[in-house]
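Participant: Chain residues, written in single-letter form:
Number of protein chains: 2
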Amino acid sequence: MPHLLSTTAADFETRFSAFLGLKREVSEDVDATVRAIIDDVRQNGDEALARLTASFDRLDFADTPMRVGAGEVAAATDRIDAGTRAALELARDRIRAHHERQLPADDAYTDALGVTLGSRWTAVESVGLYVPGGTAAYPSSVLMNAVPAVVAGVARIVMVVPAPGGVLNPLVLAAADLAGVTEIYRIGGAQAVAALAYGTETIQPVAKIVGPGNAYVAAAKRRVFGTVGIDMIAGPSEVLVVADGANDPDWIAADLLAQAEHDEAAQSILITDDESLGEAVAGAVERQLKTLPRADTAAASWRDFGGIVTVGDIHSDATVALIDRIAAEHLELACDEADALARRVSNAGAIFIGRHTPEVIGDYVGGSNHVLPTARSARFSSGLSVMDFVKRTSILKLGPEQLRALGPAAIALAEAEGLGAHARSVSIRMNQGGPDGR
Amino acid sequence: MPHLLSTTAADFETRFSAFLGLKREVSEDVDATVRAIIDDVRQNGDEALARLTASFDRLDFADTPMRVGAGEVAAATDRIDAGTRAALELARDRIRAHHERQLPADDAYTDALGVTLGSRWTAVESVGLYVPGGTAAYPSSVLMNAVPAVVAGVARIVMVVPAPGGVLNPLVLAAADLAGVTEIYRIGGAQAVAALAYGTETIQPVAKIVGPGNAYVAAAKRRVFGTVGIDMIAGPSEVLVVADGANDPDWIAADLLAQAEHDEAAQSILITDDESLGEAVAGAVERQLKTLPRADTAAASWRDFGGIVTVGDIHSDATVALIDRIAAEHLELACDEADALARRVSNAGAIFIGRHTPEVIGDYVGGSNHVLPTARSARFSSGLSVMDFVKRTSILKLGPEQLRALGPAAIALAEAEGLGAHARSVSIRMNQGGPDGR
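In the order they appear, the protein sequences are chains A and B. In terms of numbering that gives the first Met the number 0, the first sequence opens at residue 0 and continues consecutively. In terms of numbering that gives the first Met the number 0, the second sequence opens at residue 0 and continues consecutively.
Hints should not be assumed to be uniformly reliable.
[To be verified] Label pairs and their computed distance ranges (CB to CB): (1) Arg-286(A) with Arg-155(B): 41 to 51 Å; (2) Asp-10(A) with Asp-38(B): 25 to 35 Å; (3) Ala-154(A) with Arg-286(B): 14 to 24 Å; (4) Asp-312(A) with Glu-27(B): 50 to 60 Å; (5) Ala-8(B) with Ala-154(A): 27 to 37 Å; (6) Asp-10(A) with Thr-181(B): 44 to 54 Å.
Hints are computed from structural coordinates only; laboratory data are not their basis. Computed from a prediction, not measured in an experiment: that's the story for all the values here. C-beta: ideal position from N, C-alpha, C; glycine also.
Using the sequences provided together with the hints, build the complete structure.
Facilitator: Below is the structure:
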């Protein structure tokens, strides 16, 4: 059974806080191991990559080159069936079209004093894309990470993906090819992150690393942060479905299970103002679990972290406040006047409006990005976008007249802060005096 | 003597790489201490804050309240002289005017299939602003951190500032008042960061923490990242001045010293195509050091980390490549055709164009933000802006027709990824079939 809460219960606040605070990730302390691996790659480069890949992935670069060749990528793309390929191309095109709207505009203007100010955006020069191996290797995630980088104008996109026993998912190679990835290497784990951050004889370092990974990859990204940029550290996936009584319980159950099947630590929450719908959905979940390939994972997630919250009115300010506290990665509004409710929500990675917008559409072909803030971080962060692959440079330009106008205030503040050289760097230009400018 | 390099030297690449790689910060390992302090504050709240503040800051909250009262703030604002106050107000107004141009626009559109997509921006609900105590307490930094938050629409801005022995810098209180800070507490160090992230009986938690601090503050911010958002971890300040022969060596020397006086770990670099200017600047630095209040700090920084790089032509592609490799926090272009050169640079936190735009103007009254990426992170990150205080929510809305159009591709990709519940969540809405939607 999932957690059952009702706002009318006397202990609701206590139980809801406890539910929000549920620890869903066992934070393995892998930091010492990761540090050693990173140092090894920094010191020994390709040799370390070969040695670590042989031991972790049972793959010998003497037999299989570290870099995936163009022919191999093309062969993989040819091997996938036409339907899947067409679906990948549709997804790519829709992601591209949506993300092209995110390209920031430069700004340049001259103010009343004649000071020229501006903000100029440029693409990050090179990006590393981490792709997990095994079952978590999702071609859709390759598109969601690589396409925004291509749209931003990133010249070099380097994908790393572990190939345990030499096996690569052809769909992942195909997605990389369709997205515009420029280099692919058969490496993974902390050693791949280290290679991207510091470079080796074969791999040139990148400026930023994005993409999901296990605890070792996450720890490695945290450790190289500063040397390179990193994206958010993604946690297990979540969905919050807000549903009134006028829903088919099976539709809602399917949406809750679509998150739950990702990971035993995933979280699916239903908020409803119709207690009987809640009960019907709970029943539908149990029925649908019987015919689900990943039933064990989904059942564990629903049992341990699933929740059904009964509220008085899903359109009340109190419910909006609950929605904002949960700050879900995915928020589905399966109710009447869903648009109006959506406008009142502040904290959500993505909002899926209406009964015919299952979150899954956003995972694949909606066009918006499926890399979204988890674990309540939608309170302060946004999903992946073109903005993650560009950076802004401020521009300032004064002439002698503007310097005379602003100089005295700058000197006053510099002196108030006890920074004499700051004051001098301005004053020396105002009164072309002797060496010390006074 | 600073580091002297010339692109014509045979060993230039080796020496330049070593110069770029100079370790300017001794990374204290304070992590264990910081972890204990954070746990203490999480468990003991206000009592821990009082105990830690008594021991670290020699301040007893029995005598002086933890929260700074409105009367105390008003008194501090009244106490500062009219000139400094006017300068702070000019700085605030110019920062506000510039940052108002950074407010992102929402986007909403319907594509050819009739799918509605959008991006909606909302302000972070609450922000904590860390302000260091002692000499590093700069009122200008309070403005640079708080004003963008106010412009973004952040409702609650909580400033924490240690008051060693009870002493607070009235200019910092005045700047907070002028900027629109809503709460101020007399706490600092890792305990202040913990209080902002997790809350105590007195302090409500915030969603994001910004502002500079020492090694303990930086380690605490890294540790609470995820629970709350944080800004960049700022390193020692840097300036790169690109100057041709037509400059007054004293002007350039003053600019280099303005960075050097911040911190012994600050870095000032001159790139010039006129060897004699380089020598003249080196001489001017030595002369100006004699009359500088913070001469010891500036001299140490210039000696250990300062550099003069002589190049063939400052407008060559090779020089632009050098500028991009340095990726300086502050880039001054004191040369002819500075605008054209600025347009060719990709990596810089801020560019100051022309001989009459000393970087110091940007520290105070230019209007652009002085919180900028350090330690070469301009390769992948931007200075502080309104964007750091807002977050984006993606919006997606389909009707039955759009679901039928996009559904098959979503189902194909879900099945390719082995996610049966994903496929079902779409298919069940397409053919209103039985419980499992097939």
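Participant: Hints the structure violates: just list their numbers, smallest first.
Facilitator: Numbers 3 and 6, in rising order.
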